[in-house]
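Engineer: Sequence:
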Amino acid sequence: MIIITMCMIDMFDTMGTIVGCCGGNRILSDENNKPHNYGKLMISDAVATCTGAMLGTSTVTTFVESGAGVSAGGRTGLTALTTACLFFLATFALPLFAAIPPAAAASALIYVGVLMMKNNIKSVDFSNAINATSAFLTMVIMVLSYSITTGIGVGLISFTLMSIIAYFVELIKYAITKKEKPVWNVSIVAIIVSLLFAVYFFVPATI
Numbered sequence: 002m003i004i005i006t007m008c009m010i011d012m013f014d015t016m017g018t019i020v021g022c023c024g025g026n027r028i029l030s031d032e033n034n035k036p037h038n039y040g041k042l043m044i045s046d047a048v049a050t051c052t053g054a055m056l057g058t059s060t061v062t063t064f065v066e067s068g069a070g071v072s073a074g075g076r077t078g079l080t081a082l083t084t085a086c087l088f089f090l091a092t093f094a095l096p097l098f099a100a101i102p103p104a105a106a107a108s109a110l111i112y113v114g115v116l117m118m119k120n121n122i123k124s125v126d127f128s129n130a131i132n133a134t135s136a137f138l139t140m141v142i143m144v145l146s147y148s149i150t151t152g153i154g155v156g157l158i159s160f161t162l163m164s165i166i167a168y169f170v171e172l173i174k175y176a177i178t179k180k181e182k183p184v185w186n187v188s189i190v191a192i193i194v195s196l197l198f199a200v201y202f203f204v205p206a207t208i
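According to the working numbering, the sequence shown is numbered sequentially starting from 2.
Derived by calculation from the structure, the hints in this document are not laboratory data. As the structure is a prediction and not an experimental result, all values here were calculated from the model. Positions of the beta carbon are idealized from the N, C-alpha and C atoms, including for glycine. Some hints could be false.
[What the hints assert, rightly or not] Listed next, with one range per pair, are the computed distances between beta-carbon atoms:
id, residue 1, residue 2, range
1, R76, V170, 12 to 22 Å
2, E32, A130, 20 to 30 Å
3, A85, A191, 52 to 62 Å
[To be verified] Below, a list of computed lysine to aspartate or glutamate pairs in the EDC-like style, where the Cα atoms sit at most 20 Å apart:
id, residue 1, residue 2
4, K35, D11
5, K123, E32
6, K41, D31
7, K182, E171
I would like the entire structure built from these sequences, with the hints used as guidance.
Structural biologist: Right under this line is the structure:
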């Protein structure tokens with residue numbers, strides 16, 4: 002259960018951050034908002050996470066604050082290298098940075114959220130009730146739970162459940178009217194991941 006939980010948190014936090022930071026940028030993603038070299042991005046994050054854990058550091062992973070760097074013009078690995086060097090230098094001034102209250106970073110994080118909304122919200126099909134509802138739940142739950150993973154999980158589970166219910170409702174209507182046979186549009190992957198999220202959400206609470 003611990004392995005599944007940590008896997009879900011790290012994987013979907015990374016996926017959400019990458020898509021959020023790269024979406025809407027033609028240099029970093031394609032016309033469908035899928036980031037270029039998506040597989041390599043996920044592998045590099047996985048290797049960094051495992052290496053950091055073995056060395057006893059805090060989690061080495063993607064962070065949504067990277068959106069500020071992307072919006073400022075960061076596009077290549079040189080940006081990450083520069084950030085790493087600055088972090089190394091910052092360790093010598095840690096007492097000074099520790100004195101800065103968390104509220105001071107709030108404005109930067111709010112702007113990061115604005116950038117992510119601007120680049121990605123326009124891709125949601127609000128004419129489709131299921132898509133609109135699941136997207137809305139994803140965004141709201143992310144804010145209320147302080148977790149990208151929880152937001153994605155609730156959104157995916159709601160999308161899968163609503164899509165399955167809608168399919169069987171349409172199937173009943175087809176059996177009565179014999180018009181417009183419904184098409185099954187829920188992938189097996191979505192169902193499997195939704196079940197894993199259900200385990201992630203509910204099993205720990207019952208142990």
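Engineer: Are the Cα positions of K41 and D31 separated by 20 Å at most?
Structural biologist: Since the Cα atoms of K41 and D31 sit roughly 16 Å apart, the hinted pair holds (cutoff 20 Å).
Engineer: Starting from K123, check that the Cα of E32 is at most 20 Å away, please.
Structural biologist: holds, 13 Å
Engineer: With 20 to 30 Å as the target window, see if E32 and A130 comply at their CB atoms.
Structural biologist: holds, 25 Å
Engineer: Using the beta carbons of R76 and V170, state whether their distance is inside 12 to 22 Å or not.
Structural biologist: violated, 46 Å
Engineer: Under the criterion that the straight-line Cα-Cα distance not exceed 20 Å, is the pair K182, E171 satisfied?
Structural biologist: holds, 8 Å
Engineer: In this structure, is the beta-carbon distance linking A85 and A191 contained in 52 to 62 Å?
Structural biologist: violated, 36 Å
Engineer: Is the hinted pair K35 and D11 satisfied, with a Cα-Cα distance of at most 20 Å?
Structural biologist: Holds - the C-alpha atoms of D11 and K35 are around 19 Å apart, at most 20 Å.
Checked against the numbered hints above, the structure violates hints 1 and 3; every other hint is satisfied.
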